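Asker: Sequence:
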Amino acid sequence: MDEVKREGVYGTPPAELVSPAEDAIQFSPLIPGAETLDLWGEATLGGMVVLAPPGTIERRYTLALALKALAPGARLTVLAPKDKGGSRLGKELARFGCVVTETARRHYRICVCERPATLAGLEEALAEGRMRLVETLGLWSQPGVFSWNRIDPGSALLARELPVLSGRGADIGCGIGYLALGILKSPKVERLTLIDIDRRAVEAARRNLDDPRVTVRWDDVRKSGTQLTGLDFVVMNPPFHDGGAEDQALGQSFIRRAAEALRPSGVCWLIANRHLPYEAVLKSHFKRAALKVEAEGYKLYEAHR
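Just so you know, we're using the numbering used here here: the sequence shown kicks off at 1 and counts up by one.
Some clues are possibly wrong.
[As the list claims (entries may be wrong)] With a Cα cut of at most 27 Å, we get these calculated DSSO-like pairs of lysine-lysine: (1) K82 - K188; (2) K287 - K188; (3) K185 - K283.
[Unchecked claim] Computed Cβ-Cβ distance ranges for the label pairs, DEER-style: (4) D220 - D83: 25 to 31 Å; (5) R288 - M131: 18 to 24 Å; (6) G138 - L17: 16 to 22 Å; (7) D220 - L39: 30 to 36 Å; (8) P116 - R88: 32 to 38 Å; (9) R207 - E42: 39 to 45 Å; (10) E161 - T56: 30 to 36 Å; (11) D220 - K185: 46 to 52 Å; (12) R106 - L291: 38 to 44 Å; (13) P239 - L291: 31 to 37 Å; (14) G138 - A15: 42 to 48 Å; (15) R95 - G230: 51 to 57 Å; (16) T101 - D211: 33 to 39 Å; (17) R106 - E22: 28 to 34 Å.
If you are wondering where the hints come from, they were derived from the structure by calculation, not from laboratory data. Quantities reported herein were computed from a predicted structural model and do not represent experimental measurements. For each residue, glycine too, the CB sits at the ideal point set by N, CA and C.
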């Protein structure tokens with residue numbers, strides 16, 4: 001197939017609003033196994049559909065990457081909910097030099113344009129959105145990663161309260177590796193596996209953790225078969241939003257996977273927002289679970305398999 005005729009898709013846009021090509025190349029960093037748009041060849045795609053991210057810097061970076069990858073004259077379709085960046089899509093594309101046709105359906109804004117021969121402001125958007133060393137953290141991160149330029153208060157509380165751990169363990173939903181930095185201070189930790197669904201977080205964690213005991217994996221922990229078994233400990237600060245909407249099933253699936261990964265008597269340390277009802281699923285998958293700390297809007301549990 002002629003390389004320039006291939007089409008791409010970023011994310012999973014609603015099928016009732018837009019239909020990417022059946023063989024479109026997936027580029028979302030939140031879909032393990034997808035291609036990396038940052039590394040894709042310039043002017044090599046014949047079309048692209050983008051479900052735009054809600055964050056301004058991340059969205060402009062994604063649009064810039066998509067336009068860079070498209071051949072001149074190729075069609076770009078971008079959509080987003082009106083209250084999650086959709087209302088700004090048209091103006092953002094116009095600033096890149098695109099002539100945009102805009103429609104509204106089912107609370108989404110849908111913008112269609114062709115990749116112009118000359119693009120404006122591309123390098124500025126790419127520079128603002130790429131991976132960088134966040135000086136205030138002393139860690140690598142990237143806009144779009146959860147809590148990308150600050151330490152999430154829940155993770156900070158968990159890091160303060162964690163005891164010295166030992167043996168083989170995992171950090172599920174590891175982010176950029178902040179919790180792992182503290183865990184690895186213990187020489188008794190033999191091996192630590194970090195897993196996250198966000199490729200950018202995984203890449204940042206690899207940069208932040210120079211330790212032979214560490215393995216970092218890009219994977220969706222909600223799926224069975226993550227090949228974690230016989231662990232001595234699991235730590236986690238699970239997400240509870242999916243696509244911007246609260247989804248308590250996310251944290252519940254993390255708890256089930258932690259129980260599957262631990263050896264008998266292995267321990268899970270879980271931090272969660274105070275309102276999240278995880279007690280029942282903890283009790284159903286662990287021999288005992290104790291609330292260790294309740295502070296700053298969070299609950300910290302210690303659960304033994």
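Asker: Decide, hint by hint, whether the structure agrees.
Answerer: Do the hints match the structure? See the list:
1. K82 - K188: violated (50 Å)
2. K287 - K188: Given that 27 Å is the threshold and the Cα spacing comes to 25 Å, the pair holds.
3. K185 - K283: Measuring from Cα to Cα gives roughly 30 Å; hence the hint is violated.
4. D220 - D83: 25 to 31 Å: holds (27 Å)
5. R288 - M131: 18 to 24 Å: violated (41 Å)
6. G138 - L17: 16 to 22 Å: Hint violated: Cβ distance 42 Å, outside 16 to 22 Å.
7. D220 - L39: 30 to 36 Å: violated (21 Å)
8. P116 - R88: 32 to 38 Å: violated (19 Å)
9. R207 - E42: 39 to 45 Å: Given range 39 to 45 Å: violated, Cβ gap about 25 Å.
10. E161 - T56: 30 to 36 Å: holds (34 Å)
11. D220 - K185: 46 to 52 Å: The hint (46 to 52 Å, Cβ to Cβ) is violated, given that D220 and K185 are roughly 29 Å apart.
12. R106 - L291: 38 to 44 Å: holds (42 Å)
13. P239 - L291: 31 to 37 Å: The hint (31 to 37 Å, Cβ to Cβ) is violated, given that P239 and L291 are roughly 21 Å apart.
14. G138 - A15: 42 to 48 Å: For G138 and A15 the Cβ distance comes to about 43 Å; the hint holds.
15. R95 - G230: 51 to 57 Å: Check passed, 53 Å falls within 51 to 57 Å.
16. T101 - D211: 33 to 39 Å: Hint violated: Cβ distance 51 Å, outside 33 to 39 Å.
17. R106 - E22: 28 to 34 Å: Violated - the Cβ-Cβ distance for R106 and E22, about 23 Å, lies outside 28 to 34 Å.
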